[in-house]
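Peer 1: Chain residues, written in single-letter form:
Number of protein chains: 2
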Amino acid sequence: MENKEPLIITDKDDMRRWSRSARAQGKIVGFVPTMGYLHEGHLSLVQECKQHSDLTVVSIYVNPGQFSPNEDLSTYPLDFIGDINKLKNKAGGVDVVFHPKDLYDYGKYDGVVNARSNGLEEGKVVSCVENSGQGHETWVRVQKLEKGLCGSSRPVFFKGVATIVTKLFNLVEPDVAVFGKKDYQQWRIIERMVRDLDFGIKIIGAELLRDPDGLAKSSRNVHLSPEQRKKLISYWDSASQTWSMELNLQATSISESLFHARTAAQKGQVVCRELKDLVIKTIHEAGGKVDYAEIVDQESLEVLDEIKSPAVFCIAVWFGNVRLLDNVEIAV
Amino acid sequence: MENKEPLIITDKDDMRRWSRSARAQGKIVGFVPTMGYLHEGHLSLVQECKQHSDLTVVSIYVNPGQFSPNEDLSTYPLDFIGDINKLKNKAGGVDVVFHPKDLYDYGKYDGVVNARSNGLEEGKVVSCVENSGQGHETWVRVQKLEKGLCGSSRPVFFKGVATIVTKLFNLVEPDVAVFGKKDYQQWRIIERMVRDLDFGIKIIGAELLRDPDGLAKSSRNVHLSPEQRKKLISYWDSASQTWSMELNLQATSISESLFHARTAAQKGQVVCRELKDLVIKTIHEAGGKVDYAEIVDQESLEVLDEIKSPAVFCIAVWFGNVRLLDNVEIAV
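Each protein sequence line maps, in turn, to chains A and B. Sequential numbering of the first sequence, starting at 1, is according to the numbering used here. Sequential numbering of the second sequence, starting at 1, is according to the numbering used here.
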């Protein structure tokens, strides 16, 4: 149904009631968790979800549990009305938008427990939730997959993700949930968590979507100026004695260099060190600061020295104060 | 219905299918997780469960995830046929006994991931599951409540309990689950986990049951000899110049001394140090080795110096190689 107004649910119990009622009618409930500020990438997850379900729930909730106190929770972009319109007009409508206020607020202020939260364990990584002292103290950890890649530079991120996804699964009680392969490590972590904790939910990984210039779609792209994506620069060509123009790749150097590495690997260049060096050099010259660039096994996310089995080249890059993720799968 | 044969389910998918079918018929599903070797205490949990549900599921599964490699997994008592008979004859019948074989076996041997499990994090506590290398790597932790009391001497215990209960909740999908207050810390941890992870399950804490001699009922009591519970000793009474008999409390000194402490507290003796010293001394004289004896807040399990609010005196004691738990709630 096109242009359908979604039912907006903000209350936990209402959400579960809706879902159980849908299930009791034999409907397959599909779920796409998001942090809002929706773009075509999210909408493609919704489309994917609809292929596998009768009814679709999209959650819009910026999860404080996956941000460290020094990360960009406060500047994370929000546009709830715009999101609803996109879901209504571009994705052909969804059934429910679950938009809870605070999923870590349990109503009762528990003074004794909170008093203890000051005495955090040594070496303990702190999320915005632990800092706000709401008494929440249960965390889900996927101990091996959460290491490395984004886990290295964002120590609370995946425990925050695994925990909020568990909470959302328990509230929405879906049959199917869709995660983007843009966040490759996240997708694998959720798959593993669902297996290890025996959730009765099928996880689908949806392909990464790119802008026409190759940049992977992300809510954070809004912070990039046009010049930070790519820009034309003019220079004096002494050979031809004329002014000339050149396209200076900036953020788009990420995807360009990844595609180049994939092609090289498919042509037989399978030594990861050399593939990585090339990508890092290209992005560095374009003005980016590489947070990590790793070629890992597609399932275990084990770092590879040589590409012998299905691999994925995962990268995180800072352009200015914007951190961008990208990856390409490499089948050899 | 008396003497009802329970349906025995061993397969994960069959369990979930049964539960969803029951729910679709509007039935309230109640759940009692156990590790088997059932005694009157478990049967009282089943009775409690029936007060709150239309259909009752009891799981019998010895969870390797809550044992350290040096703990008593291999000698944990088993009696599946006896358990089924008790459930049939003494508890008035249950609907389902869920008896899975191995809840950490995911079918596929994942060599790459397992290879990494040798390089466990520093200071990481290892459970029998991590040691068996089945690729399971997701753990649920209730970070504050799992500290102290049993958590101090059994470092993997509560992460194992929280994780297996999450798995069982996801497989059985009950509306109500019953936990015994005999395992007081466990009950509070499950309550908190259910709140923090938004499980749609009501948790009920059932009262501790005691044998006529006062000993808290436990599967591990089977390892105690009659003499380790209490014994009569004869001695020469020099005052009366006769042989006399005296009841020498051993394991039963635990409950005796706890009751005594509760009475003292209710009479105004609220300094925890003194109450604890008395209990420790009594048990020590009876031949027991106190693992811990703490008076804590009933909800936060925060250690108390003085009893000013509802408290619980929790204790763990070794008699020989049997570790016994007990507790009394103290309302002042």
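Hints were generated in silico from the structure; no laboratory data involved. Treat the hints with care, since some could be wrong.
Identical chains share a label here; the pair holds if one copy fits it or two copies do between them.
[Said to hold, decoys possible] EDC-like, lysine to aspartate or glutamate: derived pairs with alpha carbons at most 20 Å apart:
no., residue 1, residue 2
1, Lys202, Asp14
2, Lys86, Glu306
3, Lys12, Asp175
4, Lys217, Asp105
5, Lys267, Asp11
6, Lys27, Asp183
7, Lys308, Asp105
8, Lys147, Asp95
9, Lys308, Glu256
10, Lys267, Glu40
11, Lys308, Asp13
12, Lys289, Glu48
13, Lys4, Glu274
14, Lys217, Glu299
15, Lys101, Glu274
16, Lys12, Glu191
17, Lys267, Glu285
18, Lys86, Asp175
19, Lys308, Glu48
20, Lys4, Asp105
21, Lys181, Asp14
Peer 1: Against each hint, give a clear statement of whether it holds in the structure.
Peer 2: Results for each hint:
1. Taking CA atoms no more than 20 Å apart as the test, lysine 202 paired with aspartate 14 passes between copies only; the shortest distance there is 16 Å, against 23 Å inside one copy.
2. When the C-alpha separation of lysine 86 and glutamate 306 is checked against a cutoff of 20 Å, the pair qualifies neither within a copy, at 43 Å, nor between copies, at 59 Å.
3. Within a single copy, lysine 12 and aspartate 175 get their C-alpha atoms as close as 18 Å, and across copies as close as 16 Å, so both meet the 20 Å cut-off.
4. Within a single copy, lysine 217 and aspartate 105 get their C-alpha atoms no closer than 32 Å, and across copies no closer than 37 Å, so neither meets the 20 Å cut-off.
5. Taking the shortest alpha-carbon separations for lysine 267 and aspartate 11, neither the intra-copy value of 54 Å nor the inter-copy value of 47 Å comes in at or below 20 Å.
6. For a Cα distance limit of 20 Å, the shortest separation of lysine 27 from aspartate 183 qualifies neither inside one copy, at 29 Å, nor across copies, at 40 Å.
7. In this assembly of identical chains, lysine 308 and aspartate 105 lie within 20 Å of each other by CA distance neither inside one copy nor across copies; the values are 48 Å within and 27 Å between.
8. For the identical chains of this complex, lysine 147 and aspartate 95 are neighbours neither inside a copy (36 Å) nor across copies (43 Å), given an alpha-carbon limit of 20 Å.
9. Taking identical chains as interchangeable, the C-alpha atoms of lysine 308 and glutamate 256 are never at most 20 Å apart, the minima being 23 Å within one chain and 67 Å between chains.
10. When the C-alpha separation of lysine 267 and glutamate 40 is checked against a cutoff of 20 Å, the pair qualifies neither within a copy, at 32 Å, nor between copies, at 70 Å.
11. Taking identical chains as interchangeable, the C-alpha atoms of lysine 308 and aspartate 13 are never at most 20 Å apart, the minima being 49 Å within one chain and 35 Å between chains.
12. For the identical chains of this complex, lysine 289 and glutamate 48 are neighbours neither inside a copy (33 Å) nor across copies (61 Å), given an alpha-carbon limit of 20 Å.
13. In this assembly of identical chains, lysine 4 and glutamate 274 lie within 20 Å of each other by CA distance neither inside one copy nor across copies; the values are 51 Å within and 69 Å between.
14. For the identical chains of this complex, lysine 217 and glutamate 299 are neighbours neither inside a copy (23 Å) nor across copies (46 Å), given an alpha-carbon limit of 20 Å.
15. Taking the closest pair of Cα atoms, lysine 101 and glutamate 274 never come within 20 Å of each other, the shortest separation being 47 Å inside a single copy and 47 Å across copies.
16. In the homo-oligomer, the alpha carbons of lysine 12 and glutamate 191 lie at most 20 Å apart only across protomers (17 Å), although the nearest pairing inside one protomer, at 24 Å, exceeds that limit.
17. For the identical chains of this complex, lysine 267 and glutamate 285 are neighbours neither inside a copy (25 Å) nor across copies (78 Å), given an alpha-carbon limit of 20 Å.
18. In this assembly of identical chains, lysine 86 and aspartate 175 lie within 20 Å of each other by CA distance neither inside one copy nor across copies; the values are 24 Å within and 36 Å between.
19. For a Cα distance limit of 20 Å, the shortest separation of lysine 308 from glutamate 48 qualifies neither inside one copy, at 30 Å, nor across copies, at 57 Å.
20. When the C-alpha separation of lysine 4 and aspartate 105 is checked against a cutoff of 20 Å, the pair qualifies neither within a copy, at 31 Å, nor between copies, at 44 Å.
21. In this assembly of identical chains, lysine 181 and aspartate 14 lie within 20 Å of each other by CA distance neither inside one copy nor across copies; the values are 30 Å within and 31 Å between.
Hint compliance for this structure: hints 2, 4, 5, 6, 7, 8, 9, 10, 11, 12, 13, 14, 15, 17, 18, 19, 20 and 21 are not met, and every other hint is.
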